[in-house]
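Engineer: Residue strings, one per chain:
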Amino acid sequence: MVDRLTLLRGAVQQALETNELDGVLALRADHNGTVPHLFRTGDDLSGLALWPKYPLTRTLDLLLSAQPGARLGIVARGCDERSLIEMAKRNQVDLERVTLIGLACTAEEAAACRCARPYPTKIAVGERVEGVEDTITSEHARLSLAERAGFWQRQFAKCFKCYGCRNVCPQCFCEECALEEDLWVERGVLAPPFPMFHLIRAMHTVGKCVGCRECELACPADIPLTILYSLLRRDVEEMFGYVPGASLEDRPPLVVSGVPEGWA
Amino acid sequence: MDYQNVLTTCVYCGAGCGLYLQVLDGKVVGVLPAKQHPISQGKLCIKGWNSHAFIYREDRLTRPLIREDGTFREATWEEALTLVAERLQAIKAQHGPDAIAFLASAKCTNEENYLLQKFARACVGTNNVDHCARL
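Keeping their order, the protein sequence lines are chains A and B.
Reminder that position 66 of the first sequence reads as 73 in my numbering, one-by-one numbering, no gaps.
Reminder that position 120 of the second sequence reads as 205 in my numbering, one-by-one numbering, no gaps.
Derived by calculation from the structure, the hints in this document are not laboratory data.
Please read all numbers here as calculations on a predicted model, not as lab measurements.
Any given hint might turn out to be false.
Claimed, not checked - Derived list of chain A stretches under chain B, where covered just means 3 residues or more per stretch with a C-beta under 8 Å from a C-beta of chain B:
(1) 31-42
(2) 143-151
Unchecked claim - SDA-like, lysine to any residue: derived pairs with alpha carbons at most 25 Å apart:
(3) A:165 - B:126
(4) B:132 - B:177
(5) B:112 - A:167
(6) B:120 - A:255
(7) A:96 - A:228
(8) B:120 - A:38
(9) B:132 - A:78
(10) A:96 - A:72
(11) A:96 - A:74
(12) B:132 - A:167
(13) A:168 - A:118
(14) A:165 - B:98
(15) B:132 - A:229
(16) B:112 - A:73
(17) B:120 - A:132
(18) A:96 - A:229
(19) A:165 - B:160
(20) B:120 - B:218
(21) B:192 - B:155
(22) B:120 - A:166
(23) A:129 - A:70
(24) B:120 - A:118
(25) B:120 - A:144
(26) B:192 - A:169
(27) A:168 - B:160
(28) B:120 - A:243
(29) B:132 - B:160
(30) B:112 - A:229
Here a beta-carbon is modelled for each residue, glycine too, at the ideal position from N, C-alpha and C.
Isolated chain B, as found in the complex (with noise of 0.2 Å):
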């Protein structure tokens, strides 16, 4: 038997809750509050409490998708990046790069929206950054 208890933080939202992913035998089985943590100080929400339990859902994504004529077809990472990055340059190039938005999302970290609105003006020269929530 084999039991571990793996301190991470919560991927649901920006608060960054801190939590344990108990681990069984190598299964992620459950959730700890970590009573240390300075931001949740033990305390989780439901989202929290049940946040292992996407981890090996079956209609869980472990791939990108591309999707033709209709449905989707399993593509490598490589081919995806590339296929987006060609379709943002040419929807850019026919209208310009304000054609373009950027929605961040709560659950990335503060570096993680920081360099997507750093692309967006940077790289593709639009101010059209918001975020997940206003979807």
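Chain A on its own, in the form it takes in the complex (with noise of 0.2 Å):
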């Protein structure tokens, strides 16, 4: 059986030559690690790596407002395609310059990020495994309301308002963000004040979260922020039928919700 990479520098290959490309946004290998890079037509694609990822949207909004007639093409895993799904609703990117190649996670990959869909709904590279239930949070859900918001009090007075989780998540896109505002929160004050800051992000990707974990892997203070966003995700789902990312016909509560019959 051809290994996962091979067959991933064969779609790479084929879709730099195919669709005339600028370019293909994948992970390249570097310093034992990975990093996001651009491979162009003729480049040498024995350098493409695939773990630990990144949130390679970002960096595939960068290049694309840095040139608006490019064309690139991105290595997706399920939570990159859900995440270029919300931002097109929200006009974020035009995904007729995008062309994704769908890479489906392992098993090891999915567990390690706690995942319901480790795979993308168009797959060229990898097989679909199924997703992961994830008990750190079913456990969490579990605890009272007093007990989870003494939970939370204790995570976030951890926080030293690195912005982290603002900057590295796929689905933080506005110009102006409400944490820089001082009216919203105080400059110069450690931890932010309960539950103000945390909230005010959570509130802000309701409806838009894919789940793909990169906050609680930049916090430095090691808040478990996916709990709370998968039971943000848990809550949108049950309340609105809304799974962010799932297609792109579905259309965000926020826009269609709370009008009421006869308004709209």
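Now that you have both chains on their own, put them together as the hints suggest.
Structural biologist: Right under this line is the structure:
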């Protein structure tokens, strides 16, 4: 059986040759790790790498914005594809300019991310594996409301406002961020008063968070943000039947909810 | 379109977190945490996340300045270092080596700070060595 990396090299090569792309955004092996890299036609693809993943859609947005005529490919895992779909709904990316090379995650990668949907809708490389049950989150959800409030109070007390969760988030693309406004977040105050800072961010990613887990991985204080955002996604699905990134056609609940009958 | 990520070490403190500078068409436009870095493990503080921000600042110091009559003028490194050496020698000759203190920096490497204290003790002859966090 041909390994996943060899298959990916073939898929990237083919995308570059057949789609007249200005490049394919993927991961390259670098200093015993990986880093986002723009592979161009004729480039040596032996450096392609798979893991650890990076939030590639942020970099894609950076590149597409810098060159408005460019057409790019991206090696997209399930979370990358979901991210692009939510970005497209909010006019953050023009999917006409993007070619997706779908990459299915391995069982080990899915377990590392506690990912419920570790594959894109169209898989070019890799075998689809089933989603992983997030037992850490489900155990947390069994606590009482008071216990959960206490838990988050202790966790958020560790925050020293690096803004890494926002900086790394593929769904944080506001030109002006509420977390930088003195009205909401006073400068020079650590930890930020409970619970405003984190709940502002949580509210702003409702219906957008695609469960990539990058915020938790970027947190120097090891705040288990995946629990918070998994439960937000659970609520959005239970209350509005909406799964962020599942389809381009589904409309985000914040756009269509709360309008009284007959008003729309 | 040319996009590169350059692995480097955060300049802001002695922790030495690893980060990638995002370079787009020859210009540094952002920072990515280096996930494989043994110290920072893909995490950065707010200074690390913004450690590219000073690169193109108009008020960034890019040359040595010498103050004369209350105002600064640009100078060459040769002229500036010669002036510093002459003044240190003059102060030491007039008041003794303990009239001079050396303040090391958390922004420097271990090796640079080692050299600074070595210079203070062996060359100038004082144990007045401290660091910038106590300025």
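Engineer: Does each hint fit the structure? Answer for all of them.
Structural biologist: Cross-check of the supplied hints:
Under a criterion of three residues with beta carbons nearer than 8 Å to beta carbons of chain B, the stated coverage of the segment 31-42 of chain A is upheld, 6 such residues being counted. Under the rule that three or more residues need a Cβ within less than 8 Å of chain B, the assignment of the segment 143-151 of chain A is violated, with 0 such residues. Simply put, residue 165 of chain A and residue 126 of chain B have alpha-carbon atoms about 18 Å apart, close enough for the 25 Å limit, and the pair holds. Using a Cα cut-off of 25 Å, the hinted pair residue 132 of chain B and residue 177 of chain B is violated, with the two alpha carbons roughly 38 Å apart.
Of the pairs offered as hints, the one joining residue 112 of chain B and residue 167 of chain A is violated, with about 30 Å between alpha carbons and a cut-off of 25 Å exceeded. Only pairs whose Cα atoms come within 25 Å are accepted, and residue 120 of chain B paired with residue 255 of chain A is rejected, the gap being roughly 31 Å. The suggested pairing of residue 96 of chain A with residue 228 of chain A is violated, with an alpha-carbon distance near 32 Å, which exceeds 25 Å. For the hint linking residue 120 of chain B to residue 38 of chain A, the alpha-carbon distance of about 10 Å falls within 25 Å, and the restraint holds.
Using a Cα cut-off of 25 Å, the hinted pair residue 132 of chain B and residue 78 of chain A is violated, with the two alpha carbons roughly 33 Å apart. At most 25 Å may separate the alpha-carbon atoms for a hinted pair to count; residue 96 of chain A and residue 72 of chain A meet this at roughly 17 Å. With a C-alpha separation of about 21 Å, the suggested pairing of residue 96 of chain A with residue 74 of chain A holds against the 25 Å cut-off. For the hint pairing residue 132 of chain B with residue 167 of chain A, the CA-to-CA distance comes to about 11 Å; that is within 25 Å, so the pair holds.
In summary, the hint linking residue 168 of chain A to residue 118 of chain A is not supported, as the alpha carbons are separated by about 28 Å, beyond the 25 Å threshold. Restraint check for residue 165 of chain A and residue 98 of chain B: satisfied, since their Cα atoms lie roughly 20 Å apart, inside the 25 Å limit. Distance check on the hinted pair: residue 132 of chain B and residue 229 of chain A sit about 18 Å apart at the alpha-carbon level, within 25 Å; holds. Only pairs whose Cα atoms come within 25 Å are accepted, and residue 112 of chain B paired with residue 73 of chain A is accepted, the gap being roughly 12 Å.
Distance restraint check for residue 120 of chain B and residue 132 of chain A: the Cα-Cα separation of roughly 24 Å lies within the 25 Å cut-off, and the hinted pair is therefore satisfied. Under the criterion of a C-alpha separation no larger than 25 Å, the hint pairing residue 96 of chain A with residue 229 of chain A is inconsistent with the structure, at around 31 Å. A threshold of 25 Å between alpha carbons decides the hint, and for residue 165 of chain A with residue 160 of chain B the separation of about 46 Å lies outside it, so the pair is violated. With a C-alpha separation of about 28 Å, the suggested pair residue 120 of chain B and residue 218 of chain B falls outside the 25 Å cut-off, and the hint is violated.
As the CA atoms of residue 192 of chain B and residue 155 of chain B are separated by approximately 28 Å, the hinted pair breaks the 25 Å bound. For the suggested pair residue 120 of chain B and residue 166 of chain A, the alpha carbons sit about 20 Å apart, so the restraint of at most 25 Å is met. Between residue 129 of chain A and residue 70 of chain A the alpha-carbon distance is near 23 Å, which keeps this suggested pair within the 25 Å criterion. Between residue 120 of chain B and residue 118 of chain A, the direct Cα distance comes to roughly 18 Å. Compliance with the 25 Å bound is thereby established for this hinted pair.
The hinted pair formed by residue 120 of chain B and residue 144 of chain A meets the criterion: a straight-line CA distance of about 24 Å does not exceed 25 Å. Taking the CA atoms of residue 192 of chain B and residue 169 of chain A, the gap is near 19 Å; set against the 25 Å cutoff, the hint holds. Between residue 168 of chain A and residue 160 of chain B the CA atoms are separated by roughly 40 Å; this puts the pair beyond 25 Å, and the hint is violated. Straight-line distance between C-alpha atoms of residue 120 of chain B and residue 243 of chain A comes to about 31 Å, which puts the hinted pair past the 25 Å bound.
Pair hint residue 132 of chain B plus residue 160 of chain B does not hold up; C-alpha atoms about 30 Å apart against a cutoff of 25 Å. For the hint pairing residue 112 of chain B with residue 229 of chain A, the CA-to-CA distance comes to about 32 Å; that exceeds 25 Å, so the pair is violated.
When the structure is compared with the earlier hints, violations turn up for hints 2, 4, 5, 6, 7, 9, 13, 18, 19, 20, 21, 27, 28, 29 and 30 and for no others.
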